[in-house]
Amino acid sequence: MANFNTHLSIAAAASTGAALICINIHLIVVTDMPWLVFLGTVGGMLPDMDANNSRPVKLLFTVLALMGVATVLQVFEGKYSSNHLLSIAAMAYLLIRYGVFALFNKFTVHRGVLHSLLAAVFFALLIICISYYFVHWDVLHAWLNGSFIALGFIVHLFLDEFCSVNLSNARLKKSFGTALKLFNYNNMTASALLTICTLALYWMTPSPRPLVKVWEAADLNDYLTPVRFLQQ
1 MANFNTHLSI
11 AAAASTGAAL
21 ICINIHLIVV
31 TDMPWLVFLG
41 TVGGMLPDMD
51 ANNSRPVKLL
61 FTVLALMGVA
71 TVLQVFEGKY
81 SSNHLLSIAA
91 MAYLLIRYGV
101 FALFNKFTVH
111 RGVLHSLLAA
121 VFFALLIICI
131 SYYFVHWDVL
141 HAWLNGSFIA
151 LGFIVHLFLD
161 EFCSVNLSNA
171 RLKKSFGTAL
181 KLFNYNNMTA
191 SALLTICTLA
201 LYWMTPSPRP
211 LVKVWEAADL
221 NDYLTPVRFL
231 QQ
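The numbers in the working numbering rise by one with no breaks, and the one at position 214 of the sequence shown is 214.
Nothing false has been slipped in among the hints.
No farther apart than 27 Å at their CA atoms in a straight line, the calculated lysine-lysine pairs in the DSS-like style are these: (1) K181 / K106; (2) K58 / K181; (3) K106 / K58.
Ranges of calculated distance between the beta carbons of each label pair, as one might list FRET restraints: (4) V29 / S82: 27 to 33 Å; (5) T6 / Y202: 29 to 35 Å; (6) K58 / P34: 19 to 25 Å; (7) T189 / V214: 37 to 43 Å.
I should point out that these hints are in silico values taken from the structure, not numbers from a laboratory.
We put the beta carbon where it would ideally sit given N, CA and C, even for glycine.
Can you make the complete structure from the sequences, with help from the hints?
In structure tokens, the structure reads:
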């Protein structure tokens with residue numbers, strides 16, 4: 001499998017390229033780019049949530065906890081006093097950073113159900129729903145948030161699978177097929193539960209029609225040249 005720095009840099013590079021394409025077809029403005037690149041980079045770390053107690057996983061949960069704090073502050077701003085709001089934000093941080101982290105360590109195995117395309121869809125829909133219903137982003141940007149999470153996630157899976165091929169000896173390693181898979185074939189219970197959660201999120205997710213309309217209206221030549229805006 002690829003190491004943490006490789007996952008981080010490739011996910012960031014892929015997200016940057018995708019963000020440039022979005023700018024070219026006028027889907028976003030330049031100021032949206034850092035946020036989407038950040039989400040794509042986070043998505044590139046998400047599959048390793050099931051790697052128990054490694055430093056990258058601890059960093060990932062710290063980032064997720066900070067994102068939870070930001071969500072809490074935005075959702076409850078003006079509804080509580082400053083002291084109460086800070087207390088809620090602190091509880092959200094502790095719950096995600098230590099509570100959810102402990103649960104993941106207990107109930108997941110590395111390269112299990114979280115290393116799958118099903119998990120990529122789950123996390124994408126989860127971020128879309130959080131962005132739309134709780135943070136009150138518009139439909140277009142909510143779908144972009146989820147799409148960049150999925151992009152980074154899938155890039156991670158491809159990298160792990162690529163590193164399972166020994167090119168010098170032209171042979172496959174034992175880990176081949178454990179990263180880029182539809183779901184966890186060895187744990188159908190976990191896969192079934194994640195499928196149910198994914199379908200529930202899909203039912204709740206707002207229609208992607210605003211995003212589809214922009215793509216349909218875009219000129220193919222525009223998004224095949226993602227660096228064009230830099231030359232303007």
